[in-house]
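S.K.: From first to last, the protein sequence lines are chains A and B. Be aware that the first sequence starts at 1, since it is given in our numbering, and climbs by one per residue. Be aware that the second sequence starts at 1, since it is given in our numbering, and climbs by one per residue.
Treat each hint with caution, since some may be false.
Said to hold, decoys possible - Straight-line distance between alpha carbons at most 30 angstroms, and here's what the computed DSSO-like set of lysine-lysine pairs gives:
| # | chain 1 | residue 1 | chain 2 | residue 2 |
| --- | --- | --- | --- | --- |
| 1 | B | Lys414 | A | Lys111 |
| 2 | B | Lys425 | B | Lys269 |
| 3 | B | Lys225 | A | Lys108 |
To be verified - Partial selection, computed: residues in chain A whose CB lies under 7 angstroms from chain B:
| # | residue |
| --- | --- |
| 4 | Met36 |
| 5 | Leu68 |
| 6 | Thr71 |
| 7 | Lys74 |
| 8 | Ala109 |
To be verified - Here are the computed distance ranges between Cβ atoms for each label pair:
| # | chain 1 | residue 1 | chain 2 | residue 2 | range |
| --- | --- | --- | --- | --- | --- |
| 9 | A | Gln152 | B | Glu393 | 32 to 42 angstroms |
| 10 | A | Arg188 | B | Gln365 | 55 to 65 angstroms |
| 11 | B | Lys257 | A | Lys106 | 40 to 50 angstroms |
Derived from the structure by calculation, the hints contain no laboratory data. Owing to the predicted nature of the structure, the values given are computational and were not obtained by experimental measurement. By construction, the Cβ of each residue, glycine as well, lies at the ideal position given by its N, Cα and C atoms.
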Amino acid sequence: MRYAGIDIGSRTIELVVLRDGEIIESRQADSGFDPMTQAKDLLAGVEHDHIIATGYGRHLFELSFDALTVTEIKAYAVGVSALFPGVRTILDIGGQDSKAIAVNDKGKAIKFEMNDRCAAGTGKFMEIMANTLGYSIDEFGKEALKATKDIQISSMCTVFAESEVTSLLARGEKPQEIALGLHRSIVRRAVAMLKRVSIKEAIVFAGGVARNSCMHHLLEEALEKNILVPENPQAMGAFGAALLAGGIC
Amino acid sequence: MSKNYKDMWKNLGLKLIPHDALLEVLGKGYEDIYLTQNNRPESMAYFNFVMSEIHGLRIKELLDEKTAGRKVIGSFCVFVPEEIVLAADATLIGLCTGADFATEEVDKLLQRNTCSLIKSAFGFKVGKVCPYIESANMIVGENTCDGKKKSYEILKNLVPNLYVMDLPQMKSDEGKALLKAEYLRFKEAVEKLTGISIDATRLKKGIDIVNNKRKAIHRLSDLRKADPSPISGLDALLANQVFFYDNPVRFTESVNKICDELKKRIEKKEGVFPKGTPRILLSGCPMAVPNWKLPWIIETSGAVIVGEESCVGERGARNLTDDSGNTVDELMEAIINRYFKVDCAIFTPNPDRLDHIVEMVEKYQANGVVHYGLQFCQPYLMESMPVEKALEEKNIPTLRIDTDYSMEDVGQLKTRVEAFVELLK
Ligand code: SF4
Ligand code: SF4
Numbered sequence: 001m002r003y004a005g006i007d008i009g010s011r012t013i014e015l016v017v018l019r020d021g022e023i024i025e026s027r028q029a030d031s032g033f034d035p036m037t038q039a040k041d042l043l044a045g046v047e048h049d050h051i052i053a054t055g056y057g058r059h060l061f062e063l064s065f066d067a068l069t070v071t072e073i074k075a076y077a078v079g080v081s082a083l084f085p086g087v088r089t090i091l092d093i094g095g096q097d098s099k100a101i102a103v104n105d106k107g108k109a110i111k112f113e114m115n116d117r118c119a120a121g122t123g124k125f126m127e128i129m130a131n132t133l134g135y136s137i138d139e140f141g142k143e144a145l146k147a148t149k150d151i152q153i154s155s156m157c158t159v160f161a162e163s164e165v166t167s168l169l170a171r172g173e174k175p176q177e178i179a180l181g182l183h184r185s186i187v188r189r190a191v192a193m194l195k196r197v198s199i200k201e202a203i204v205f206a207g208g209v210a211r212n213s214c215m216h217h218l219l220e221e222a223l224e225k226n227i228l229v230p231e232n233p234q235a236m237g238a239f240g241a242a243l244l245a246g247g248i249c
Numbered sequence: 001m002s003k004n005y006k007d008m009w010k011n012l013g014l015k016l017i018p019h020d021a022l023l024e025v026l027g028k029g030y031e032d033i034y035l036t037q038n039n040r041p042e043s044m045a046y047f048n049f050v051m052s053e054i055h056g057l058r059i060k061e062l063l064d065e066k067t068a069g070r071k072v073i074g075s076f077c078v079f080v081p082e083e084i085v086l087a088a089d090a091t092l093i094g095l096c097t098g099a100d101f102a103t104e105e106v107d108k109l110l111q112r113n114t115c116s117l118i119k120s121a122f123g124f125k126v127g128k129v130c131p132y133i134e135s136a137n138m139i140v141g142e143n144t145c146d147g148k149k150k151s152y153e154i155l156k157n158l159v160p161n162l163y164v165m166d167l168p169q170m171k172s173d174e175g176k177a178l179l180k181a182e183y184l185r186f187k188e189a190v191e192k193l194t195g196i197s198i199d200a201t202r203l204k205k206g207i208d209i210v211n212n213k214r215k216a217i218h219r220l221s222d223l224r225k226a227d228p229s230p231i232s233g234l235d236a237l238l239a240n241q242v243f244f245y246d247n248p249v250r251f252t253e254s255v256n257k258i259c260d261e262l263k264k265r266i267e268k269k270e271g272v273f274p275k276g277t278p279r280i281l282l283s284g285c286p287m288a289v290p291n292w293k294l295p296w297i298i299e300t301s302g303a304v305i306v307g308e309e310s311c312v313g314e315r316g317a318r319n320l321t322d323d324s325g326n327t328v329d330e331l332m333e334a335i336i337n338r339y340f341k342v343d344c345a346i347f348t349p350n351p352d353r354l355d356h357i358v359e360m361v362e363k364y365q366a367n368g369v370v371h372y373g374l375q376f377c378q379p380y381l382m383e384s385m386p387v388e389k390a391l392e393e394k395n396i397p398t399l400r401i402d403t404d405y406s407m408e409d410v411g412q413l414k415t416r417v418e419a420f421v422e423l424l425k
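Produce the complete structure using the sequences and hints provided.
M.R.: Right under this line is the structure:
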């Protein structure tokens, strides 16, 4: 039997297909303007017996494809605990939201927090900031790591932060240092959210933003704890959904 | 709604075009949220009717009562004692404050950090779309939270017949003395308004009517202990909302009729959702008509609401008024004692509320608590964190929601609520 999980996020769609518990397929596409068409394209030629959808587009998918759904919180908890059996805390920063999840010893989510309505501190925020500094999203974190000085960024609102960055640049501050300041402000927010939920080890950092090595480094520094990052951090939701498809159906 | 109400609305000074728009939104919301529910009790038909005539027949009744010499008094809070109003042959109406309206106009009067409930009260007034406000001979504002207290200074300019009632903030002897003084002053004001002098017989009758209404709600709440729950939380909330503006005697009969039907359902083990559906206790700020957003999200996310720890719910209707006294003094004392027990978050400290939440979790066998705080509502948001902490220490899963009347955050709320329901399974 083949079980699929699809995570329809605001920025990307991830698909994972399992056979006998092994990942046999892992795909990704941009969500674009029409996520359902994108999802359909992504699924083209993929065989599966059961599929579960997660992510912010899950209910649209449920309507168009007659699939079951779970929230990202459950999907991430299941996916991450399967890879890291000792995990107790998950930080997931995705395209448009961030979550802190506490997990019990059975891999079940027991408490969570999500960011509020705006995109502050999420992947989208980082993308816009990187853009303002003239970096690609991959360069953004790498360059920030090279900074030698800290610059305090005070705004977390995307619009205000953007103009703050512009005026810092105009003042002659180095892009690398501004980038570091931006990373630090996102980490401060993430840490505050984690502290409301749990900072029990093992801690796993997942979601697309976990690929950013500067974020990883600063989080470890701020929490003074070792933090694990899966190889494909952005696919944990789809992976968890696929595992659930295998268990539920 | 029938066309011949147009003249009635015009005579009340309503603005017909925005009023039509409001009725349309209200009707559509009711249809989408209420009429799409499965397995509703048949006797909820009464409430469908009440809702469809919310600005029609009920207003006509009030106006007919007025023609016959009765007075209509509007209120924003469960601290306004209905017993006293009924004793003077007047009618008490809870003014709905459950939807945004005329927001641009309201923003000119109230600062941004004001809760939706207060803004709504203003919106309905400045938008001239609420026939209840316009029908009232007297509107009672009460000094509860700072938002309301200060906003009444501004509302007074729009509503000349606003009567402001002071309320205590502490459950002390001095607090009680203040409540007593204010209730006596209110009684005089009502007597002056109606020209009726309230004696013991009248007061007893008022107490009886209100107690019966509360008893019917208690009966309804009690039936919700069953699993599967015989009625949805949305429908039970609606009954609690209509509590505030329907004719009290008719309301009591209608709720009792629903209860008879629910009793049969329970005997047949029938419910609105399957047995074992996660059960939620909703706790926090009051939800006035047509504020159904959060309950709707909860009940379309695989859970059922089994109780409301709210003023539109058990906090408002919990206690009966002792009717054993024989003099006006004794009965007034009983009324004061009854209302002094209301555990609104404007009191400090307010330990009874937490006890009641825990008690309700046990009584209705709730699996978790959703704490609903209106954005910018200091009293309830301040209490939400210690409440969450205390409940979690007792292993009662709790989700804190901080929201307003807009629909912007529905997607995000849905994810949070669904994830919470997943935790409960
Ligand atoms: S919450 Fe407090 S202020 Fe609001 S209606 Fe209830 S008692 Fe009145
Ligand atoms: S919801 Fe809170 S802030 Fe708003 S009127 Fe009620 S007590 Fe005051």
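S.K.: Does each hint fit the structure? Answer for all of them.
M.R.: Tested hints:
| no. | hint | result |
| --- | --- | --- |
| 1 | Lys414/B x Lys111/A | holds (16 angstroms) |
| 2 | Lys425/B x Lys269/B | holds (21 angstroms) |
| 3 | Lys225/B x Lys108/A | holds (28 angstroms) |
| 4 | Met36 | violated (16 angstroms) |
| 5 | Leu68 | violated (12 angstroms) |
| 6 | Thr71 | holds (4 angstroms) |
| 7 | Lys74 | holds (5 angstroms) |
| 8 | Ala109 | holds (6 angstroms) |
| 9 | Gln152/A x Glu393/B: 32 to 42 angstroms | holds (37 angstroms) |
| 10 | Arg188/A x Gln365/B: 55 to 65 angstroms | violated (41 angstroms) |
| 11 | Lys257/B x Lys106/A: 40 to 50 angstroms | holds (47 angstroms) |
Going through the hint list in order, the structure does not satisfy hints 4, 5 and 10.
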